[in-house]
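Protein chains in written order, with the UniProt record's numbering: chain A, 1 to 295; chain B, 1 to 437; chain C, 1 to 276.
One or more hints might be untrue.
[Claimed, not checked] In silico DSS-like links for lysine-lysine, alpha-carbon gap of 25 Å or less:
#, chain 1, residue 1, chain 2, residue 2
1, A, Lys52, B, Lys194
2, C, Lys50, B, Lys358
3, A, Lys206, C, Lys263
4, B, Lys298, C, Lys97
5, C, Lys97, A, Lys5
6, B, Lys298, A, Lys74
7, B, Lys80, C, Lys161
8, B, Lys301, C, Lys58
9, C, Lys50, B, Lys80
10, A, Lys50, B, Lys332
11, B, Lys332, C, Lys58
12, B, Lys249, B, Lys194
13, C, Lys50, C, Lys97
14, A, Lys52, B, Lys80
15, C, Lys50, B, Lys282
[As the list claims (entries may be wrong)] Reference excerpt, derived from the structure (chain B facing chain C, CB under 10 Å, subset only):
#, residue
16, His91
17, Ala99
18, Lys102
19, Glu104
20, Ser107
21, Glu175
22, Gly178
23, Gln263
24, Tyr271
25, Asn277
26, Ser280
27, Lys298
28, Ala300
29, Asp374
[Stated by the list, open to error] Just the calculated beta-carbon pair ranges, DEER-fashion:
#, chain 1, residue 1, chain 2, residue 2, range
30, A, Met141, B, Glu188, 36 to 42 Å
31, A, Trp144, B, Lys260, 44 to 50 Å
32, C, Leu8, B, Lys420, 55 to 61 Å
33, A, Met141, B, Ala70, 52 to 58 Å
34, B, Ala199, A, Val81, 35 to 41 Å
35, A, Asp188, C, Leu8, 23 to 29 Å
36, A, Val81, C, Ser99, 33 to 39 Å
37, A, Val81, B, Gly200, 57 to 63 Å
38, A, Trp144, B, Lys420, 33 to 39 Å
39, B, Glu77, A, Leu33, 43 to 49 Å
Simulated from the structure, these hints should not be mistaken for lab results.
Glycine included, C-beta positions come from ideal geometry on N, C-alpha and C.
Letter by letter, the chains look like this.
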Amino acid sequence: MNLRKRSNEWIQQLVFVGPGMIVFTIIVLIPFLLGFYFSFTEWNGLDLDKAKWIGMDNVRRIFTNDDKFWAAFKFTLKFTVVTVVVTNILALLLGLLLTRPMRGRNTLRTIFFLPNMIGGILLGYIWQFIFTKGFKTIGEMTGWHFFELPWLGTPETGFWGLVIVFVWQTTGYMMVIYIAAIVGVPKDLMEAATIDGATYLQTVRKIIMPLVMPAITVCLFLTTSGAFKMFDLNLSLTKGGPGTSTQSLAYNIYAEALVNNRYGLGTAKAMLFFFAVSIIAVTQVWLTKRKEVEA
Amino acid sequence: MKKLSILLAAAILTLTAAGCGNNSNNSNNSGSEASNKPAESANATTEATTTPKKNVTIKVFQFKVEIADALNRMAEEYEKETGVKVEVETHGGGEDYNALLKAEIASGSEPEIFNSEGNAALEAYYDRATDLSGEAWAKDVIPAAAGPAQVDGKLLGMPMNIEGYGIFYNKDLFEKAGITTLPKTLTELEAAAKQLEAAGITPFSTTNEWWSIGHHTINVALAEQPDPIAFVNGTKDGSVNFKDNDVFKKWINYVDVVFKYSQKDKLTTDYATQVANFASGKTAMIQQGNWIQGDVDKVAKLNVGLLPIPIDDSGNAHIYTGPANFWIVNSKSKNAEEAKAFLNWMVTSDTGKTYLTKEFKFIPALTSIKPTADEIGQMGVAVSEQAATAGGWHWGRYPDGVPQGWGAAMQEYQGGSIDKDQLFDKLGKAIQEIVSK
Amino acid sequence: MTASRSRLWAIAAAAILLALLFIAPFYFVLVNSVKALGEIMVDAASLPDKYLFSNYSKVWDIIKFPKALWNSILITGISVTGIVIISAMTGYRLVRKPSVFNKILFTCFISAMIIPFQSVMLQLVRVTSFLELRANLFGIVICYLGFGLSLSVFLFHGFIKSVPLEIEEAAVVDGCSPYGVFWRIVFPLLRPIIVTVIILNGLWIWNDYLLPVLIIGSNKDLTTIPLAITRFFGQYTKQWDLALAGLTMGIMPIIIMFLMLQKHIIEGISSGSLKG
Chain A
1 MNLRKRSNEW IQQLVFVGPG MIVFTIIVLI PFLLGFYFSF TEWNGLDLDK
51 AKWIGMDNVR RIFTNDDKFW AAFKFTLKFT VVTVVVTNIL ALLLGLLLTR
101 PMRGRNTLRT IFFLPNMIGG ILLGYIWQFI FTKGFKTIGE MTGWHFFELP
151 WLGTPETGFW GLVIVFVWQT TGYMMVIYIA AIVGVPKDLM EAATIDGATY
201 LQTVRKIIMP LVMPAITVCL FLTTSGAFKM FDLNLSLTKG GPGTSTQSLA
251 YNIYAEALVN NRYGLGTAKA MLFFFAVSII AVTQVWLTKR KEVEA
Chain B
1 MKKLSILLAA AILTLTAAGC GNNSNNSNNS GSEASNKPAE SANATTEATT
51 TPKKNVTIKV FQFKVEIADA LNRMAEEYEK ETGVKVEVET HGGGEDYNAL
101 LKAEIASGSE PEIFNSEGNA ALEAYYDRAT DLSGEAWAKD VIPAAAGPAQ
151 VDGKLLGMPM NIEGYGIFYN KDLFEKAGIT TLPKTLTELE AAAKQLEAAG
201 ITPFSTTNEW WSIGHHTINV ALAEQPDPIA FVNGTKDGSV NFKDNDVFKK
251 WINYVDVVFK YSQKDKLTTD YATQVANFAS GKTAMIQQGN WIQGDVDKVA
301 KLNVGLLPIP IDDSGNAHIY TGPANFWIVN SKSKNAEEAK AFLNWMVTSD
351 TGKTYLTKEF KFIPALTSIK PTADEIGQMG VAVSEQAATA GGWHWGRYPD
401 GVPQGWGAAM QEYQGGSIDK DQLFDKLGKA IQEIVSK
Chain C
1 MTASRSRLWA IAAAAILLAL LFIAPFYFVL VNSVKALGEI MVDAASLPDK
51 YLFSNYSKVW DIIKFPKALW NSILITGISV TGIVIISAMT GYRLVRKPSV
101 FNKILFTCFI SAMIIPFQSV MLQLVRVTSF LELRANLFGI VICYLGFGLS
151 LSVFLFHGFI KSVPLEIEEA AVVDGCSPYG VFWRIVFPLL RPIIVTVIIL
201 NGLWIWNDYL LPVLIIGSNK DLTTIPLAIT RFFGQYTKQW DLALAGLTMG
251 IMPIIIMFLM LQKHIIEGIS SGSLKG
């Protein structure tokens with residue numbers, strides 16, 4: 001009996017987790033482990049037999065002689081903090097607003113969600129077009145200083161350009177998650193609060209926010225990892241420029257491995273990056289999970 | 001259960017699709033006509049093996065999106081003539097061609113022919129690039145075009161074409177501003193710019209694209225060195241620096257003139273806009289190459305001329321030509337010999353030649369092909385007229401990554417965030433960052 | 001009362017203004033997709049002098065739109081279906097049987113979300129060509145399963161935790177097998193999060209460029225819309241007229257999908273909340 005139950009458990013484990021594990025191993029785990037190996041080699045990325053084991057040299061080089069990597073690191077941190085804060089505040093506010101009874105609510109939801117439909121490198125191309133051509137025309141028409149800035153032409157406008165596009169694209173999605181969570185707040189709780197004479201703001205603070213915490217965890221996680229890994233947008237909007245002033249970490253890794261032909265060094269950077277993000281992500285999830293109300 | 005059956009159906013679907021995916025190589029309908037052997041005379045060694053076989057596929061991995069369609073058509077003609085299938089894979093748009101080529105090679109599928117730049121960029125592919133110096137066409141290659149792919153007396157690639165840049169100017173606007181004699185010195189160039197400005201015309205159209213200011217603009221100073229190769233090597237080992245170099249000291253004055261008399265929003269002007277500004281007559285001059293012809297034509301039919309680039313008042317100014325890229329025959333591929341035959345056909349057969357000039361609009365890198373102005377446009381002809389005295393392209397002598405670094409530094413200089421001494425420092429530093437190990 | 005009323009109005013007005021800002025880029029895309037290239041370059045903001053709908057018909061032919069559309073639908077559809085099924089099952093098991101092994105596995109899934117794709121790119125190409133997963137539909141689907149699992153398992157994991165165990169226990173008492181419990185009881189309850197997973201993965205896969213280039217780039221029979229459109233972006237030239245028309249054609253299907261799904265999203269959410 002006990003034995004049969006055990007083997008039953010095994011079969012269940014296999015059926016439920018097996019397919020996922022196999023695919024994950026082939027597509028993610030093995031390439032990742034290979035990359036781990038390459039991070040200790042000097043290799044141009046072409047012929048495997050030419051990869052030369054050099055131990056910790058790559059890591060040493062990153063820490064002692066790689067200003068650009070650390071500049072990219074700082075840039076990425078700054079970018080992540082700004083976009084995560086702006087995106088989530090905006091998305092949460094929109095979520096709160098668009099769960100209130102009002103006309104045109106669905107239309108507005110759709111509009112805010114629309115930017116999500118465009119992705120990948122085309123997103124950057126379109127915005128490059130808008131920043132360089134659209135903004136200029138608007139600037140000429142309105143005379144507003146904001147539109148007449150040299151968009152994407154200076155480190156500052158490059159940074160904020162990336163922020164704008166990132167927020168534009170991500171907010172709608174986060175909003176949908178927040179809406180799902182806010183709608184999920186039990187109606188009787190809300191009604192009880194209203195009967196007790198709570199104002200809307202009080203209801204938000206005391207009832208909605210705590211119950212929406214799981215959604216906040218998810219959204220923070222999604223935006224953080226999205227911002228930290230930003231690559232496509234970086235490549236197609238600013239190409240890391242002007243100069244290398246808007247080079248994100250992912251872009252720096254890409255350029256090192258595939259433009260500078262130093263795949264070994266590039267993967268070493270990627271591994272450092274991976275461990276850095278792991279630490280940040282785990283801490284963040286751990287922190288917010290503690291605040292979640294278990295439903 | 002319903003969900004499972006969907007999955008099952010999906011699995012079957014994918015399996016069948018997987019079944020057909022790999023067959024494309026064999027689907028060659030055994031080209032009916034017998035081998036139309038490419039007409040050649042010299043070179044028996046390679047010749048013996050070039051008899052076209054059926055059921056052979058040559059894979060071409062290239063990045064010139066502009067010629068993709070014409071190249072496909074040419075490949076079809078080749079298949080009709082010889083029975084050899086040529087599969088062209090074009091990767092240009094937005095993503096890095098080099099990264100994709102590496103991925104292609106990593107996958108174990110070695111394309112027969114691929115594109116690479118010469119010099120340092122070619123180094124990673126030395127053990128793949130087949131020596132083509134024995135090919136029939138090799139003797140006709142313009143020496144300057146062959147240079148970047150010549151290693152130890154071997155010719156490691158066929159230059160695709162030559163391209164050249166200088167200062168293209170709008171003849172009508174020059175006339176409107178009353179410029180009668182063409183500027184030959186830097187002082188005259190600045191005077192012309194002032195004259196244009198006085199006539200309400202923006203003199204220069206500039207861009208912030210790294211390759212324009214990182215490759216082309218800096219190359220002017222490299223090519224004007226008494227011995228460019230020695231200078232390049234000197235900067236690599238650190239024995240020469242930019243700050244003390246006389247040519248660079250003069251060159252920066254030219255750069256300043258161009259930036260000073262450019263449109264207001266040069267920091268955000270991408271290549272397309274730069275060309276559009278010139279094409280629509282907003283600006284009178286543009287430091288670009290003959291490759292802009294097509295884009296200019298889309299906006300307007302311009303009457304243009306080509307000025308050599310003056311960096312001082314010596315009157316000794318040049319345009320700069322080079323091969324953008326090479327066709328490399330991959331020795332690790334299955335059908336390297338067939339690939340050679342295809343390249344040979346491209347530059348010797350009438351069909352191939354017509355495609356090169358008329359369809360690709362290439363300025364041929366071979367003296368044996370004579371294009372007309374109709375075929376390669378006014379700009380192409382202007383370049384080929386001055387090609388004899390032109391300077392070369394030298395940025396490729398630096399490893400990949402260096403010109404990108406220069407582009408970055410030039411962007412900063414263009415934006416005014418660094419001065420010329422800092423610029424020179426950064427130019428040197430960009431080299432050291434890549435070269436030093 | 002009136003004060004809060006007018007405040008509400010102000011908020012609504014702000015929201016509408018923001019909404020206008022959000023759709024403005026679409027205006028640029030649409031307006032310029034019916035202009036000639038020369039006109040786009042000279043003036044990008046104004047309405048076209050002459051409406052060139054031929055851009056669309058040109059693109060339709062050049063990129064063989066019906067074929068590319070079908071490929072995009074096929075690849076996205078199968079991949080997303082696979083991701084939903086596999087990650088729901090995995091997530092379920094990981095929640096209900098938190099053995100040490102499963103906890104480690106879950107951590108692996110989460111960590112994988114932060115692997116930069118560029119650092120596994122060349123190895124992935126090697127592994128997939130070794131297993132003959134390149135240049136075919138099956139291969140690209142497997143790749144999407146692999147890269148899509150992490151986030152989806154994470155989402156399912158979080159959601160399933162909030163599904164009360166009592167229902168399942170009741171079903172077991174009624175004689176349901178563990179598989180029956182999952183498919184008949186749990187899976188239907190996951191609807192809200194399934195919708196989320198579908199949207200998130202669907203959008204990503206629909207717009208993805210780099211992975212399909214690497215995996216199916218050499219097989220022209222499988223070209224997707226994003227791959228097809230990049231032919232308008234040359235080394236020096238961007239054919240904005242055609243590119244923008246192509247882009248519009250590329251996002252149209254997914255916008256229509258979204259508008260159709262929108263009802264389901266809201267339905268899914270409310271059915272989820274009824275239970276909660």
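| Okay, which hints does this one fail, numbers in order? | Hints 1, 2, 3, 4, 6, 7, 9, 11, 13, 14, 21, 22, 23, 29, 31, 33, 34, 37 are the ones this structure does not satisfy, whereas the remaining hints hold.
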